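**Q** For the sequence shown, full-length UniProt numbering assigns the number 1 to the initial residue and increments by one for each residue that follows.
Since the hints were derived computationally from the structure, they do not count as laboratory data.
Nothing here was measured: the structure is a model prediction, and the numbers come from that model.
Treat the hints with care, since some could be wrong.
Stated by the list, open to error - Between beta-carbon pairs, the in silico distance windows are: (1) Val186 x Thr130: 14 to 20 Å; (2) Arg181 x Thr107: 20 to 26 Å; (3) Gly93 x Gln60: 37 to 43 Å; (4) Leu184 x Ser118: 53 to 59 Å; (5) Ala103 x Asn128: 20 to 26 Å; (6) Leu114 x Val73: 43 to 49 Å.
Stated by the list, open to error - No farther apart than 25 Å at their CA atoms in a straight line, the calculated lysine to any residue pairs in the SDA-like style are these: (7) Lys77 x Asn112; (8) Lys77 x Ile179; (9) Lys160 x Asn64; (10) Lys82 x Asn64; (11) Lys154 x Ile179; (12) Lys160 x Ala103; (13) Lys82 x Lys154; (14) Lys131 x Val73; (15) Lys160 x Ile179; (16) Lys82 x Tyr105; (17) Lys160 x Ser149; (18) Lys77 x Pro156; (19) Lys131 x Ala69; (20) Lys77 x Arg119; (21) Lys154 x Tyr71; (22) Lys131 x Gln94; (23) Lys131 x Ala161; (24) Lys82 x Asn128; (25) Lys154 x Asp68; (26) Lys77 x Trp133; (27) Lys139 x Ile179; (28) Lys131 x Glu92; (29) Lys82 x Asp68; (30) Lys77 x Glu111; (31) Lys139 x Lys82; (32) Lys160 x Asp68; (33) Lys131 x Ile179; (34) Lys160 x Trp133; (35) Lys82 x Ile179; (36) Lys139 x Asn101; (37) Lys160 x Tyr71; (38) Lys77 x His61; (39) Lys154 x Glu92; (40) Lys82 x Ser62.
Even glycine gets a Cβ: it sits at the ideal position worked out from N, Cα and C.
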Amino acid sequence: MPDFVFIKDKNTHRECKAREVDLEEMMRGGGAPAAATAVVVVVVAVLTCAMGVAVADPQQHSLNWRPDANYTVWAAKQRFYKDDWLVFRWTEGQYDVMVVNEAAYNTCSAENPLDGWSRGDRWAVQLNQTKRWYFICSKGYCFNGMKLSILVEKPPPPPKAQPQNLKSGSPKDSGNLMILRTALAVAAVWGVVLRLL
């Protein structure tokens, strides 16, 4: 039984799951009916993907965690969405990262952290809640600016497909381009199948 594969359009972030099809094997044993079935399976899989639902990919934000850095400026240039990842990298054995509440952030207190990591040289945390997150270093460097506050928001809605003016000649919707390419590929395959008969 073939595996499932994911087909994804990088421009529209459309993704769908389709069953992998071995066209050659389908055509070998069954003649024209098997070949026609193979063509139909491929067309349905591709068209299903072309009409699929848009999905947003989580982002990974990475920063070098060290004293005397201005993380406020860094955070202002970023957009954080639910389920994104935040990766802290630091010199092993020197620093750590603690997730704290707002009061502990303001006073650089790591007495009751909500979460944290001190081993190794990095820590990846999934931002799985929409809220303001607070991070500090508990080894005394928080007072030198080794702290970070970020706002995690709901992901933006996927972009809506814009209607295409077929008379303009400028393809704006890659989904329609994909359908056109698929139709041409199907026509080419069908021509080969008919010649084999």
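**Q** Determine for every hint whether it applies to the structure shown.
**A** Here is what the structure says about each hint:
Distance hint check: the CB atoms of Val186 and Thr130 are about 44 Å apart, inconsistent with the given range 14 to 20 Å. Checked against the hint of 20 to 26 Å, the C-beta distance between Arg181 and Thr107 comes to roughly 60 Å, which is inconsistent with it. In this structure, Gly93 and Gln60 break the distance hint of 37 to 43 Å, their C-beta atoms being roughly 24 Å apart. Under the hint 53 to 59 Å, the C-beta atoms of Leu184 and Ser118, about 58 Å apart, fit the expected range.
Separation of Ala103 from Asn128 is about 22 Å and conforms to the stated range, judged on CB atoms against 20 to 26 Å. Checked against the hint of 43 to 49 Å, the C-beta distance between Leu114 and Val73 comes to roughly 25 Å, which is inconsistent with it. With a C-alpha separation of about 29 Å, the suggested pair Lys77 and Asn112 falls outside the 25 Å cut-off, and the hint is violated. Among the hinted pairs, Lys77 with Ile179 is inconsistent with the structure: their alpha-carbon atoms are about 38 Å apart, more than 25 Å.
A C-alpha spacing of about 36 Å is found between Lys160 and Asn64, which places the hinted pair above 25 Å, so the restraint is violated. About 22 Å separates the Cα atoms of Lys82 and Asn64, which keeps this hinted pair within 25 Å; it holds. As the CA atoms of Lys154 and Ile179 are separated by approximately 32 Å, the hinted pair breaks the 25 Å bound. Distance restraint check for Lys160 and Ala103: the Cα-Cα separation of roughly 41 Å exceeds the 25 Å cut-off, and the hinted pair is therefore not satisfied.
The straight-line distance between the Cα atoms of Lys82 and Lys154 is roughly 6 Å, inside the 25 Å bound, and the hint therefore holds. Simply put, Lys131 and Val73 have alpha-carbon atoms about 19 Å apart, close enough for the 25 Å limit, and the pair holds. Of the pairs offered as hints, the one joining Lys160 and Ile179 holds, with about 18 Å between alpha carbons and a cut-off of 25 Å not exceeded. Under the criterion of a C-alpha separation no larger than 25 Å, the hint pairing Lys82 with Tyr105 is consistent with the structure, at around 21 Å.
Note on Lys160 and Ser149: the hinted pairing is violated, with a Cα-Cα distance of about 32 Å set against a maximum of 25 Å. With a CA separation close to 17 Å, the supplied pair Lys77 and Pro156 stays within the 25 Å bound. Note on Lys131 and Ala69: the hinted pairing holds, with a Cα-Cα distance of about 23 Å set against a maximum of 25 Å. In summary, the hint linking Lys77 to Arg119 is not supported, as the alpha carbons are separated by about 28 Å, beyond the 25 Å threshold.
With a C-alpha separation of about 22 Å, the suggested pairing of Lys154 with Tyr71 holds against the 25 Å cut-off. Of the supplied pair hints, the one linking Lys131 and Gln94 is violated, its CA atoms being roughly 29 Å apart against a limit of 25 Å. With a CA separation close to 30 Å, the supplied pair Lys131 and Ala161 exceeds the 25 Å bound. A threshold of 25 Å between alpha carbons decides the hint, and for Lys82 with Asn128 the separation of about 5 Å falls inside it, so the pair holds.
A C-alpha spacing of about 31 Å is found between Lys154 and Asp68, which places the hinted pair above 25 Å, so the restraint is violated. Taking the CA atoms of Lys77 and Trp133, the gap is about 16 Å. The hint holds against a cut of 25 Å. With a C-alpha separation of about 57 Å, the suggested pairing of Lys139 with Ile179 is violated against the 25 Å cut-off. For the given pair, Lys131 sits about 29 Å from Glu92 by alpha-carbon distance, which is inconsistent with the 25 Å threshold.
Among the hinted pairs, Lys82 with Asp68 is inconsistent with the structure: their alpha-carbon atoms are about 28 Å apart, more than 25 Å. Straight-line distance between C-alpha atoms of Lys77 and Glu111 comes to about 30 Å, which puts the hinted pair past the 25 Å bound. Note on Lys139 and Lys82: the hinted pairing is violated, with a Cα-Cα distance of about 28 Å set against a maximum of 25 Å. For the hint pairing Lys160 with Asp68, the CA-to-CA distance comes to about 43 Å; that exceeds 25 Å, so the pair is violated.
Proximity of Lys131 to Ile179 is assessed by CA-CA distance (about 41 Å); at most 25 Å being required, the pair is judged violated. Note on Lys160 and Trp133: the hinted pairing is violated, with a Cα-Cα distance of about 30 Å set against a maximum of 25 Å. Distance restraint check for Lys82 and Ile179: the Cα-Cα separation of roughly 33 Å exceeds the 25 Å cut-off, and the hinted pair is therefore not satisfied. A C-alpha spacing of about 17 Å is found between Lys139 and Asn101, which places the hinted pair at or below 25 Å, so the restraint holds.
Between Lys160 and Tyr71 the CA atoms are separated by roughly 34 Å; this puts the pair beyond 25 Å, and the hint is violated. Simply put, Lys77 and His61 have alpha-carbon atoms about 11 Å apart, close enough for the 25 Å limit, and the pair holds. At most 25 Å may separate the alpha-carbon atoms for a hinted pair to count; Lys154 and Glu92 exceed this at roughly 33 Å. With a CA separation close to 16 Å, the supplied pair Lys82 and Ser62 stays within the 25 Å bound.
The structure fails hints 1, 2, 3, 6, 7, 8, 9, 11, 12, 17, 20, 22, 23, 25, 27, 28, 29, 30, 31, 32, 33, 34, 35, 37 and 39 (numbered hints given earlier, in ascending order).
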